[in-house]
Amino acid sequence: MAGTAAALTGAGTSASAPAAVCYLPTSEAYDRWSAVYDTDGNFLQKIDDIEMQKTLLPRLLAELRRRRGIRNPHGQQQQQRGAVVVDLGCGTGRNTALLLSPPATDVVGEVVALDASRGMLDVARERLSSFSSTSSRSSPGGKERAQKPGEEEEEGRTQPPRLHFEHHDLLAAATPPACALGTADAVISTLVVEHVPLRAFFAHAAAMLRPGGGGVLLLTNMHADMGRLSQAGFVDASTGVKVRPTSYAHTVAEVVAEAARWGFRVLEEGPMERGGRGGEGEEGKGGGEWKGDVRGVKEVRVNEDMVEILGTRSRKWVGVTCWFGCLFKMDGGKVE
Numbered sequence: 028m029a030g031t032a033a034a035l036t037g038a039g040t041s042a043s044a045p046a047a048v049c050y051l052p053t054s055e056a057y058d059r060w061s062a063v064y065d066t067d068g069n070f071l072q073k074i075d076d077i078e079m080q081k082t083l084l085p086r087l088l089a090e091l092r093r094r095r096g097i098r099n100p101h102g103q104q105q106q107q108r109g110a111v112v113v114d115l116g117c118g119t120g121r122n123t124a125l126l127l128s129p130p131a132t133d134v135v136g137e138v139v140a141l142d143a144s145r146g147m148l149d150v151a152r153e154r155l156s157s158f159s160s161t162s163s164r165s166s167p168g169g170k171e172r173a174q175k176p177g178e179e180e181e182e183g184r185t186q187p188p189r190l191h192f193e194h195h196d197l198l199a200a201a202t203p204p205a206c207a208l209g210t211a212d213a214v215i216s217t218l219v220v221e222h223v224p225l226r227a228f229f230a231h232a233a234a235m236l237r238p239g240g241g242g243v244l245l246l247t248n249m250h251a252d253m254g255r256l257s258q259a260g261f262v263d264a265s266t267g268v269k270v271r272p273t274s275y276a277h278t279v280a281e282v283v284a285e286a287a288r289w290g291f292r293v294l295e296e297g298p299m300e301r302g303g304r305g306g307e308g309e310e311g312k313g314g315g316e317w318k319g320d321v322r323g324v325k326e327v328r329v330n331e332d333m334v335e336i337l338g339t340r341s342r343k344w345v346g347v348t349c350w351f352g353c354l355f356k357m358d359g360g361k362v363e
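Going by the numbering used here, the first residue of the sequence shown is number 28, and it counts up by one from there.
Here are the computed lysine to aspartate or glutamate pairs in the EDC-like style, where the Cα-Cα straight-line distance is at most 16 Å: (1) K269 / D58; (2) K269 / D67; (3) K356 / E295; (4) K73 / D332; (5) K356 / E285; (6) K269 / E55; (7) K343 / E331; (8) K73 / E335; (9) K343 / D252; (10) K343 / D332.
To be clear, the hints were calculated from the coordinates, so they are not data collected in a lab.
I would like the entire structure built from these sequences, with the hints used as guidance.
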């Protein structure tokens, strides 16, 4: 479900003849959406791309390098076992691909891609087929698997990160699948939380990280200011019906509070974020205006300069805070 965004004005709709709306279970809605998900002009996904590549992913990789004892992207210090990263709600593999490509490959050793939608997983497998063919070997049952999550590698690893896909619906399962249970050094989950209760989401994220604390969770989501006005969805071109999955307008405060109950604290932002506040320069043009009430959580409000980059569907959202993202660190177990 990664890259989930509000389809604000779907093809085939107009002000005079709004499309009929069909509400479906989230996994079924995304099965239908998967064929056009990456091409339907999703502006929130574009904001997410900008912020992931410019701020959040570099911060995540820096944190993993610090923990693994790697001084820089070239691995000049002794390299330890590559980090295991779970992409929870990987969708079409948009951010999974970033984890399998430089500069992530100097520190990431394995990626486990999970999603509740089989249709989205099929698109991700096709999109990442070149990575799969070079980074995984067949195991009984035909699953793409090279070795168990977290297995030690030889020093001086030159192979690309291993990649494993797994169908997983966190609303239908009490715990993560075995391939992601207590194995991860980090979890990323982008534009997913909109579709699930916070308790279920953080229960799974916490269970995926290695015991003992120190794991990192990268989270992005539609901002509640946007969620109160719209939600994810797309117009099915074959029927003209707008399809919507389940959505929740979680506030930043609610997300941070629930995260804390599961032992997560927000990692405060570094100089790269603080230097861009106020919507000026490249930060303002590409990533919108910086705002935020919780230190370490970046909230992006759409401005006029962004419309050319994000597309015409973003114009009606000028002045609205549409996206937020942050890194959490697991400091301990669940706090009752």
